[in-house]
Amino acid sequence: MNIVLSGTLQKFAQYQREHSIDAWTIQEGLDHLVKAHPALGNALFDGAGELRRAHLVFLNGDQVTSDRFSERVGERDEIEILTAIAGG
Amino acid sequence: MMNGAMTARDSTTTVEPLDDSRERIARWVTDVAGALLERMSETTLARDRDGTPIDRGDLREAARCGLLGASLPVEVGGRGMSTRRWGRVLEHVGGACEDGSFALLVSLFPAVARMIHASGRADLVDRYVRGCITGEALVSFAYTEDSDPFSLASTLESAGDDVIVTASKTMVTGGAIADAYMTYVVDQTNGDLAVVIIDRGVPGVEVVPIDTMGLRGAGLASVHFRGVRIPRSQVMLEHGGLDHVQMFLNPRRAILCCAPVGRMERIIEDCVRRLSRTVRYGQPLTAMQVVQARLGKMKLALNVARTLLDRALLELDEGSAHPLFDEYVSTAKFQITEAAIALSLDAMYLLGSHGYTRAVPVERYLRDFCGLLAGAGAQDVIQTNLGMMAIGGAKKGR
Chain A
1 MNIVLSGTLQ KFAQYQREHS IDAWTIQEGL DHLVKAHPAL GNALFDGAGE LRRAHLVFLN
61 GDQVTSDRFS ERVGERDEIE ILTAIAGG
Chain B
89 MMNGAMTARD STTTVEPLDD SRERIARWVT DVAGALLERM SETTLARDRD GTPIDRGDLR
149 EAARCGLLGA SLPVEVGGRG MSTRRWGRVL EHVGGACEDG SFALLVSLFP AVARMIHASG
209 RADLVDRYVR GCITGEALVS FAYTEDSDPF SLASTLESAG DDVIVTASKT MVTGGAIADA
269 YMTYVVDQTN GDLAVVIIDR GVPGVEVVPI DTMGLRGAGL ASVHFRGVRI PRSQVMLEHG
329 GLDHVQMFLN PRRAILCCAP VGRMERIIED CVRRLSRTVR YGQPLTAMQV VQARLGKMKL
389 ALNVARTLLD RALLELDEGS AHPLFDEYVS TAKFQITEAA IALSLDAMYL LGSHGYTRAV
449 PVERYLRDFC GLLAGAGAQD VIQTNLGMMA IGGAKKGR
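Chains A and B are the protein sequences, given in the same order. Position 6 of the first sequence, counting from 1, maps to 6 under our numbering, and the rest follow consecutively. So the mapping is simple: our numbering equals the position in the second sequence, first residue as 1, plus 88.
I should point out that these hints are in silico values taken from the structure, not numbers from a laboratory. It cannot be assumed that every hint is accurate.
[Unchecked claim] Which residues of chain A face chain B? A partial, calculated answer using Cβ under 7 angstroms:
hint : residue
1    : Gln10
2    : Ala39
3    : Ala43
4    : Asp46
5    : Thr65
[Unchecked claim] Derived Cβ-Cβ restraints for the label pairs, each shown as a range:
hint : chain 1 : residue 1 : chain 2 : residue 2 : range
6    : A       : Arg72     : B       : Lys385    : 49 to 59 angstroms
7    : A       : Gly49     : B       : Ser239    : 19 to 29 angstroms
8    : B       : Glu426    : A       : Thr25     : 40 to 50 angstroms
9    : A       : Gln63     : B       : Glu357    : 22 to 32 angstroms
10   : B       : Asp107    : A       : Gln63     : 34 to 44 angstroms
11   : A       : Arg68     : B       : Val290    : 41 to 51 angstroms
[To be verified] Here chain A is said to cover these stretches of chain B; the calculated rule only asks that three of the stretch's residues, wherever they fall, bring their Cβ under 8 angstroms from a Cβ of chain A:
hint : region
12   : 133-145
13   : 227-238
14   : 453-466
Remember, it's a predicted structure, so these values are computed and weren't measured experimentally. Don't be surprised by glycine CBs; every beta carbon is placed ideally from N, CA and C.
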């Protein structure tokens, strides 16, 4: 699968936008991504290991929630993580 | 001048049942807080000139009138208004009160109190949510550090039964007025963002007022926590602060715009009144088509703003809005901000040289509206987020 990071998250992955990951599920893909870029861990996941809700995940353009992260995805599928946060 | 303390009625004495109609809500606000709003209007100029924060006594009066508790849950002593109804109350307050800072603060403190209520922590609810309703314990939102959300420099360290907070929050609305701060700090044990309530009176808390372009009564300040030692019980949320702050800001974007919409309507009314009394070439300016067209443009902006706001408030009430970053709520905030600024400039076009003077308050409204540019998420950041979401969704079916 191909994981695409929004601008905010790229700084935790050496400013690389697209990441080709060998994984069968979104969760597995995210875990592999964090293993390759440990700094992403705290930005993506909260203390309980859950994906922070500020991140929106799209699978081929469809927004998906964490209950679908264990579904099987193909090697040509694209996962895009958009971080929709704003300050105060 | 009416004396607010003598004439304002307690909100609970209002017999007439409240519904969502603007007329009924306007009557309720006038009934419970009309005298206070009038007094606040009369003292606006001095606060704007001197940059003096709204007096704490006036906020206690706002609490006594029922404004600070209107949107808070009934079980803790609030009135339990829906977001939509509360928004319309604020819209009327924004129209009736000349000082944009007043409506801003009246909307801010209950919004923070709602987050404290949502924590379910009975000790914090008793102290700060009930304290908001009575006006005795007002909590501000202290988040901004002039950094991205993943690079906050603030720290929380364990010290036995206490924690020690070190942080500099650079822009805190109501910071110079508040009794306490809901702030966000990085827990050094897990690296996650914790949410802490810190009382202003604790040693090590320093409040530095900030001089601003507009909303000069809103008590904007930087707040510094210099090794502040507080009981661990003041930690409201141990982790997940990033989501928490977005959950605070998301509805805030809509609520923040309510009072300015009320003010937009008053600007149009004031323009019509002034222009109908101004005669050129033997006729009032309102008889000229170029003036009518610009007034029409202003009215369009108001109607669009109201439509956007009504839907955003309804979605928040129905729970259909995304809890962290809702596309529609953010759209409403973005568009209303742009519309309010454009409308005040339209008023300046219509009023000629008078509009450029301080004798006509349009210049102050313009300065106040500019405060929306950065409030609850900068316009350009909202635009970028909406763009990212469009790009993500546009890949569907490829």
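Do the hints match the structure? See the list:
For glutamine 10 of chain A, the interface hint is violated, since its Cβ never comes within 7 angstroms of a Cβ in chain B; the closest pair sits about 11 angstroms apart. Of the supplied interface hints, the one on alanine 39 of chain A is violated, with its beta-carbon coming no nearer than about 9 angstroms to a beta-carbon of chain B, more than 7 angstroms. Given the 7 angstroms rule on beta carbons, the hint for alanine 43 of chain A holds: about 5 angstroms separates it from the nearest Cβ of chain B. Because the smallest distance between the Cβ of aspartate 46 of chain A and any Cβ of chain B comes to about 5 angstroms, under 7 angstroms, the interface hint for this residue holds.
Interface restraint check: threonine 65 of chain A against chain B, minimum CB-CB distance 11 angstroms, threshold 7 angstroms, status violated. For the pair arginine 72 of chain A and lysine 385 of chain B, the beta carbons lie near 55 angstroms from each other, so the given range of 49 to 59 angstroms is met. Checked against the hint of 19 to 29 angstroms, the pair glycine 49 of chain A and serine 239 of chain B passes, with Cβ atoms roughly 22 angstroms apart. Distance hint check: the CB atoms of glutamate 426 of chain B and threonine 25 of chain A are about 42 angstroms apart, consistent with the given range 40 to 50 angstroms.
Look at glutamine 63 of chain A against glutamate 357 of chain B: about 43 angstroms separates their beta carbons, and that is not inside 22 to 32 angstroms. Taken as a hint, the range 34 to 44 angstroms holds for the pair aspartate 107 of chain B and glutamine 63 of chain A, whose Cβ atoms sit roughly 36 angstroms apart. At roughly 45 angstroms, the beta-carbon separation of arginine 68 of chain A and valine 290 of chain B lies within the given 41 to 51 angstroms, and the hint holds. Restraint check on the region 133-145 of chain B versus chain A: 0 residues with Cβ-Cβ distances below 8 angstroms, three needed, restraint violated.
Counting residues of the region 227-238 of chain B whose CB falls under 8 angstroms from any CB of chain A gives 6; the rule of at least 3 is met. Counting residues of the region 453-466 of chain B whose beta carbon lies closer than 8 angstroms to any beta carbon of chain A gives 4, which reaches the threshold of three, so the coverage claim holds.
Against the hints set out earlier in the document, violations occur for numbers 1, 2, 5, 9 and 12.
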